[in-house]
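Quick mapping for you: the protein sequence lines, in order, are chains H and W.
Every letter in the first sequence is one number past the one before it in my numbering, and letter 175, counting from 1, is 175.
Every letter in the second sequence is one number past the one before it in my numbering, and letter 145, counting from 1, is 145.
Please keep in mind that the hints were generated in silico from the structure rather than gathered at the bench.
Every residue, glycine too, gets a C-beta built ideally from N, C-alpha and C.
Any given hint might turn out to be false.
Heads up, simulated EDC-like pairs for lysine to aspartate or glutamate below, C-alpha to C-alpha not over 16 Å straight-line [stated by the list, open to error]:
#1 31(H) x 74(H)
#2 128(H) x 192(H)
#3 50(H) x 185(W)
#4 220(H) x 2(H)
#5 128(H) x 142(H)
#6 50(H) x 235(W)
#7 31(H) x 218(H)
#8 245(W) x 74(H)
#9 237(H) x 249(H)
Sample of chain H residues with no beta-carbon within 12 Å of chain W, all distances over it, derived [as the list claims (entries may be wrong)]:
#10 18
#11 96
#12 138
Simulated restraints, written as ranges between beta carbons of each label pair [as the list claims (entries may be wrong)]:
#13 117(H) x 120(W): 21 to 27 Å
#14 247(H) x 163(W): 34 to 40 Å
#15 163(W) x 76(H): 34 to 40 Å
#16 145(H) x 215(W): 41 to 47 Å
#17 109(H) x 330(W): 52 to 58 Å
What follows is each chain in one-letter form.
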Amino acid sequence: MDPNQAITIDGLSWSYDDRPILTDIAAAVEKQAFTTILGPNGSGKTTLLKQILRILPVRAGTVFLESRDITGLDRRDLAHVIGMVPQNERNPYQFTVEDMIRLGRYAHREHDQKHEGYEARSIERVMKLTSIDHLKDHLITEISGGEYQRVIIARALAQEPRIIALDEPTTYLDPLHQLGILKLLKQLIINEGLTVICILHDLNSAMSFSDHVIMLHDGKVFGHGTPQEMITPQTLKAVYGITTQMVEDPFTRRPYIIPDTNL
Amino acid sequence: MRSSRLQIPMQHITPLLLLGILITGILALLSLSFGTADISVAETARIVLYGGEAAQTSAAHIYIIRHIRIPRVLTALLVGMALATSGVVFQSLFRNPMAEPYILGVSSGAACGVAFGAYIGVFAFLPGSWGVPIFAFIGAIGASSMIYGLSGGLKSTSVTLLLSGVAMNFLLSSLMSLFMYFNREQLEDIVFWSMGSFASANWEKLAGIGPLLIIGTLLIPLFHRELDLLLLGEEAARSMGLSIKRTRVLLLIIATLLTASAVAISGIIGFVGLVTPHVVRMIVGPGHRRLLPFTILCGGLFTLLADTMARGLLENAEIPVGIITSLAGAPFFIYLLRRQKKEIF
Numbered sequence: 001m002d003p004n005q006a007i008t009i010d011g012l013s014w015s016y017d018d019r020p021i022l023t024d025i026a027a028a029v030e031k032q033a034f035t036t037i038l039g040p041n042g043s044g045k046t047t048l049l050k051q052i053l054r055i056l057p058v059r060a061g062t063v064f065l066e067s068r069d070i071t072g073l074d075r076r077d078l079a080h081v082i083g084m085v086p087q088n089e090r091n092p093y094q095f096t097v098e099d100m101i102r103l104g105r106y107a108h109r110e111h112d113q114k115h116e117g118y119e120a121r122s123i124e125r126v127m128k129l130t131s132i133d134h135l136k137d138h139l140i141t142e143i144s145g146g147e148y149q150r151v152i153i154a155r156a157l158a159q160e161p162r163i164i165a166l167d168e169p170t171t172y173l174d175p176l177h178q179l180g181i182l183k184l185l186k187q188l189i190i191n192e193g194l195t196v197i198c199i200l201h202d203l204n205s206a207m208s209f210s211d212h213v214i215m216l217h218d219g220k221v222f223g224h225g226t227p228q229e230m231i232t233p234q235t236l237k238a239v240y241g242i243t244t245q246m247v248e249d250p251f252t253r254r255p256y257i258i259p260d261t262n263l
Numbered sequence: 001m002r003s004s005r006l007q008i009p010m011q012h013i014t015p016l017l018l019l020g021i022l023i024t025g026i027l028a029l030l031s032l033s034f035g036t037a038d039i040s041v042a043e044t045a046r047i048v049l050y051g052g053e054a055a056q057t058s059a060a061h062i063y064i065i066r067h068i069r070i071p072r073v074l075t076a077l078l079v080g081m082a083l084a085t086s087g088v089v090f091q092s093l094f095r096n097p098m099a100e101p102y103i104l105g106v107s108s109g110a111a112c113g114v115a116f117g118a119y120i121g122v123f124a125f126l127p128g129s130w131g132v133p134i135f136a137f138i139g140a141i142g143a144s145s146m147i148y149g150l151s152g153g154l155k156s157t158s159v160t161l162l163l164s165g166v167a168m169n170f171l172l173s174s175l176m177s178l179f180m181y182f183n184r185e186q187l188e189d190i191v192f193w194s195m196g197s198f199a200s201a202n203w204e205k206l207a208g209i210g211p212l213l214i215i216g217t218l219l220i221p222l223f224h225r226e227l228d229l230l231l232l233g234e235e236a237a238r239s240m241g242l243s244i245k246r247t248r249v250l251l252l253i254i255a256t257l258l259t260a261s262a263v264a265i266s267g268i269i270g271f272v273g274l275v276t277p278h279v280v281r282m283i284v285g286p287g288h289r290r291l292l293p294f295t296i297l298c299g300g301l302f303t304l305l306a307d308t309m310a311r312g313l314l315e316n317a318e319i320p321v322g323i324i325t326s327l328a329g330a331p332f333f334i335y336l337l338r339r340q341k342k343e344i345f
């Protein structure tokens, strides 16, 4: 097994009531890089993420996290390796931001009980990392969508995982906050050595921020590679059925996708 | 910052709890001095503090306080604590603030189990302090696992959960009627189980069931993190390292045991598990580390006050305490139902 791979997936299949959702997935996620899962609605992106986290049990095929088969890991060990930011989580409970993030320490509760003050320091650290330290005592029901998403990322970071998996973390955010979240993830890779695997819908965000793209289509891997290789007018036509043209993004010098919006 | 709940700093929690215990103690003493026999508060305090001989008071009064009123007040406190605690657990398990042992039919399940035991005459062989809780538990666990299955476990919406509870209560009340019909000579006993009262509390019952109530109630706060995580839903809880199936089964069993023990000693007392956690949540928030100690305390206070009212409202008769808690709780339930569209917890 390649030690540079954070996640290695082989022969992974999943079906729901005899309807195949994922078929024979083989993919790898490199350590300390930004890997994006792309694909149309219903292509199996979320199911793939849930399998990696073993929220859905692995039935056919294998998933290795840092060279360890996840079927042999208990929940706590799994939570030490990988944290999750679920799709569109919004809770009605009046937890404070700090209390919500503290839940992320669950997998380390025995450690924290032995080490006085560690939990508080750890919570403070992830709040700083995600720039929400000023919201500590605010209720999660009373903060904005962008702030909430940072709280959830902070909660996942409080697990001290080496991999963080995010399901559409920017979908309901305005452009400023979308950019804020993606930049934050990039910083976490550079400064904290984190590995990011992320489902995105926005093709240009994927192009600008990803190191690697896994393109899903009808529950199969359509292809994987650099964003420049994977996001092209040809693949977008084949996978999404949309007509696009590429121009150069003046900031990143990467291609910028413009869909054909004529009626 | 606008805040729709009070936020009590962690360092104020312990003093507040101690204050709550002190208030409970004072109210318990007042409740002890309350009743048909006219015993003053001071005399009650002397009997409680110095025991019989040193209290220098009438033997009848000593007997009433020690053998009738103390076990009754203790039973009221422990049952209230247990019911409020199991309410909190059911609310977290079902992610629904309306979940409560009485509304879900778990209390009726316990009462039905006891009625069934009485009908087959098993309590002639098993000692009452064991047989009753065992049959209450069998009935309650049957009801709670059925409600879990019927409502689709955690994925249930409020409506399906509450309707499952309604269906369960219909089913169980017709079963109860059936046992009453077949067993007319014990009609009064069965009616007692379905109305709830502390009137028959005594040291013997308390010695059998009290430990179950205490152990169950004290076990639950150990799971405060798990109860928090369950609120977030299956996927988030799993991703944070919770073994969700094991945790749910364990908590369901403890909460059911608590309900069954409470019913075994005092019959069905509804809404304690609904009203108490809700009011406490408005003050200390949904986090179970703070919620549970205060809910336990307030649950005890709620039934203590309800029982004192049950004894004192009518001149020469006693109202079953279950009627009082329902009169207070049902309007509260309706209020929650109307509010639910906006806010869940």
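Hints, one by one, checked against the model:
no., hint, in the structure
1, 31(H) x 74(H), "22 Å, violated"
2, 128(H) x 192(H), "13 Å, holds"
3, 50(H) x 185(W), "59 Å, violated"
4, 220(H) x 2(H), "23 Å, violated"
5, 128(H) x 142(H), "20 Å, violated"
6, 50(H) x 235(W), "8 Å, holds"
7, 31(H) x 218(H), "27 Å, violated"
8, 245(W) x 74(H), "13 Å, holds"
9, 237(H) x 249(H), "21 Å, violated"
10, 18, "21 Å, holds"
11, 96, "7 Å, violated"
12, 138, "6 Å, violated"
13, 117(H) x 120(W): 21 to 27 Å, "59 Å, violated"
14, 247(H) x 163(W): 34 to 40 Å, "57 Å, violated"
15, 163(W) x 76(H): 34 to 40 Å, "37 Å, holds"
16, 145(H) x 215(W): 41 to 47 Å, "44 Å, holds"
17, 109(H) x 330(W): 52 to 58 Å, "39 Å, violated"
The structure shown violates the earlier hints numbered 1, 3, 4, 5, 7, 9, 11, 12, 13, 14, 17.
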